[in-house]
Amino acid sequence: MKGPEKIIIAVTGATGAPLADHLIRQLAHRIPEIHIIFSYMGEKVFRQEVRVPKNLSLDDYFSEFHSIRIWDPGNFSAPFASGSGVAHAMVIIPCSMKTLSAVANGYSYSLIERAADVMLKERRTLVLVPRETPLNSIHLQNMLQAGKAGAIILPPVPAFYTFPESLEDIKAYISGKIMENLKISHELYPRWSDHNENEPNRP
Numbered sequence: 000m001k002g003p004e005k006i007i008i009a010v011t012g013a014t015g016a017p018l019a020d021h022l023i024r025q026l027a028h029r030i031p032e033i034h035i036i037f038s039y040m041g042e043k044v045f046r047q048e049v050r051v052p053k054n055l056s057l058d059d060y061f062s063e064f065h066s067i068r069i070w071d072p073g074n075f076s077a078p079f080a081s082g083s084g085v086a087h088a089m090v091i092i093p094c095s096m097k098t099l100s101a102v103a104n105g106y107s108y109s110l111i112e113r114a115a116d117v118m119l120k121e122r123r124t125l126v127l128v129p130r131e132t133p134l135n136s137i138h139l140q141n142m143l144q145a146g147k148a149g150a151i152i153l154p155p156v157p158a159f160y161t162f163p164e165s166l167e168d169i170k171a172y173i174s175g176k177i178m179e180n181l182k183i184s185h186e187l188y189p190r191w192s193d194h195n196e197n198e199p200n201r202p
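Numbering (numbering that gives the first Met the number 0), first residue to last: 0 to 202.
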C-alpha cells in the first residue's frame, strides 16, 4: 500500500485532541514530512486534553520527531496554501463544526481551511474527523456537502468486535481507520476476519 510522503494534520477546537496526538505519533514513524496546524482553540484544547505543560512549546512537545513542522494558522505563505506546493493528503482531527462549515462552503479564513480547499480542488485526499454529538441538520448537510466535494467523512466511532480494553485501544482503532484511508499500512488493531474464524455461518 503506497502512502503519502507529505501530509498535513490540522487540529481544531473540538474535543478529541488525544486522537490527534495518537495519530501524529503513529504517522511520525511512517511519513517523511508532517505539517501540523493548530487553530487558536485547537491548541488550547490540545494542551488541556493531552496535558502539555504550560511552559512547554508544541515544537518542544514533538521535538523527538524530526519529520514534524508546526505552522501558524495565519501563515498563508506556507507552501501547501497553494496547489503548486504539493502535500499529498490532509487530516483535520478533531474537526470542529465551525471548521466543517468553512470547508464545506469554501470559506478559507485561516491556513487550515485554505489547505483543505487546496486538497479538494486538486483532488487530493482530505479526511475530516468531525467531533460533535448530537448532530443537527446543519451539521449533517455540511458533512454531505463536504463529502460531495471529495472529502472523506470519518467520525471517530470505535468498533467493539476488537474488544477494546483501554482508551489506547480506541485511539489505535481510530488512527488505523484514518491510515487506511491514507493508504498507509498498519497493524494497530485486529481485522474482522481475525475474530470471526470460529464463528458459525449466519444468514
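These aren't lab readings, by the way, just hints derived from the structure by calculation. We treat Cβ as the ideally placed atom computed from N, Cα and C, and that holds for glycine. Hints are not guaranteed to be accurate.
[Said to hold, decoys possible] Below 20 angstroms or equal to it, Euclidean Cα-Cα: the simulated EDC-like pairs (lysine to aspartate or glutamate) are: (1) Lys182 to Glu4; (2) Lys43 to Asp20; (3) Lys5 to Asp116; (4) Lys5 to Glu121; (5) Lys5 to Glu179; (6) Lys43 to Glu4; (7) Lys43 to Glu32; (8) Lys43 to Glu121; (9) Lys53 to Glu32; (10) Lys97 to Glu63; (11) Lys182 to Glu63; (12) Lys5 to Glu32; (13) Lys182 to Glu164; (14) Lys43 to Asp116; (15) Lys5 to Glu48; (16) Lys97 to Asp58; (17) Lys182 to Glu131; (18) Lys5 to Asp20; (19) Lys147 to Asp116; (20) Lys53 to Glu63; (21) Lys147 to Glu164; (22) Lys43 to Asp71; (23) Lys147 to Glu186; (24) Lys53 to Glu4; (25) Lys43 to Asp59; (26) Lys97 to Asp59.
[Said to hold, decoys possible] Computed beta-carbon distance windows for the label pairs: (27) Ser56 to Ser107: 23 to 29 angstroms; (28) Arg50 to Leu139: 29 to 35 angstroms; (29) Arg24 to Gly149: 24 to 30 angstroms; (30) Leu134 to His28: 32 to 38 angstroms.
Hints versus structure:
1. A threshold of 20 angstroms between alpha carbons decides the hint, and for Lys182 with Glu4 the separation of about 11 angstroms falls inside it, so the pair holds.
2. Between Lys43 and Asp20 the CA atoms are separated by roughly 14 angstroms; this keeps the pair inside 20 angstroms, and the hint holds.
3. Of the supplied pair hints, the one linking Lys5 and Asp116 holds, its CA atoms being roughly 17 angstroms apart against a limit of 20 angstroms.
4. For a cut-off of 20 angstroms, the pair hint linking Lys5 to Glu121 stands: about 15 angstroms separates their Cα positions.
5. Between Lys5 and Glu179 the alpha-carbon distance is near 16 angstroms, which keeps this suggested pair within the 20 angstroms criterion.
6. The hinted pair formed by Lys43 and Glu4 fails the criterion: a straight-line CA distance of about 28 angstroms is larger than 20 angstroms.
7. Between Lys43 and Glu32, the direct Cα distance comes to roughly 24 angstroms. Violation of the 20 angstroms bound is thereby established for this hinted pair.
8. A C-alpha spacing of about 31 angstroms is found between Lys43 and Glu121, which places the hinted pair above 20 angstroms, so the restraint is violated.
9. Between Lys53 and Glu32, the direct Cα distance comes to roughly 27 angstroms. Violation of the 20 angstroms bound is thereby established for this hinted pair.
10. Of the pairs offered as hints, the one joining Lys97 and Glu63 is violated, with about 32 angstroms between alpha carbons and a cut-off of 20 angstroms exceeded.
11. For the hint linking Lys182 to Glu63, the alpha-carbon distance of about 25 angstroms lies beyond 20 angstroms, and the restraint is violated.
12. For a cut-off of 20 angstroms, the pair hint linking Lys5 to Glu32 stands: about 5 angstroms separates their Cα positions.
13. Our distance criterion of 20 angstroms between C-alpha atoms is broken by Lys182 and Glu164, whose separation comes to about 26 angstroms.
14. About 24 angstroms separates the Cα atoms of Lys43 and Asp116, which puts this hinted pair outside 20 angstroms; it is violated.
15. At roughly 27 angstroms between alpha-carbon atoms, Lys5 and Glu48 are farther apart than 20 angstroms, so this suggested pair is violated.
16. Proposed proximity of Lys97 and Asp58 is contradicted: the alpha carbons are some 26 angstroms apart, above 20 angstroms.
17. Taken as a hint, the Lys182 and Glu131 pair is broken in the structure, with Cα atoms around 26 angstroms apart against an allowance of 20 angstroms.
18. For the suggested pair Lys5 and Asp20, the alpha carbons sit about 18 angstroms apart, so the restraint of at most 20 angstroms is met.
19. The straight-line distance between the Cα atoms of Lys147 and Asp116 is roughly 13 angstroms, inside the 20 angstroms bound, and the hint therefore holds.
20. A distance of roughly 18 angstroms separates the Cα atoms of Lys53 and Glu63; the hinted pair therefore holds under the 20 angstroms criterion.
21. The hinted pair formed by Lys147 and Glu164 fails the criterion: a straight-line CA distance of about 36 angstroms is larger than 20 angstroms.
22. A threshold of 20 angstroms between alpha carbons decides the hint, and for Lys43 with Asp71 the separation of about 14 angstroms falls inside it, so the pair holds.
23. A threshold of 20 angstroms between alpha carbons decides the hint, and for Lys147 with Glu186 the separation of about 30 angstroms lies outside it, so the pair is violated.
24. Distance hint between Lys53 and Glu4 is unfulfilled; the C-alpha atoms sit about 32 angstroms from each other, more than 20 angstroms.
25. Distance hint between Lys43 and Asp59 is fulfilled; the C-alpha atoms sit about 16 angstroms from each other, no more than 20 angstroms.
26. About 28 angstroms separates the Cα atoms of Lys97 and Asp59, which puts this hinted pair outside 20 angstroms; it is violated.
27. In this structure the hint that Ser56 and Ser107 lie 23 to 29 angstroms apart at CB holds, the actual value being about 26 angstroms.
28. A beta carbon spacing of about 33 angstroms between Arg50 and Leu139 agrees with the range 29 to 35 angstroms that was offered as a hint.
29. At about 27 angstroms, the CB distance of Arg24 to Gly149 agrees with the hint of 24 to 30 angstroms.
30. As the Cβ distance of Leu134 to His28 is approximately 33 angstroms, the hint placing it in 32 to 38 angstroms holds.
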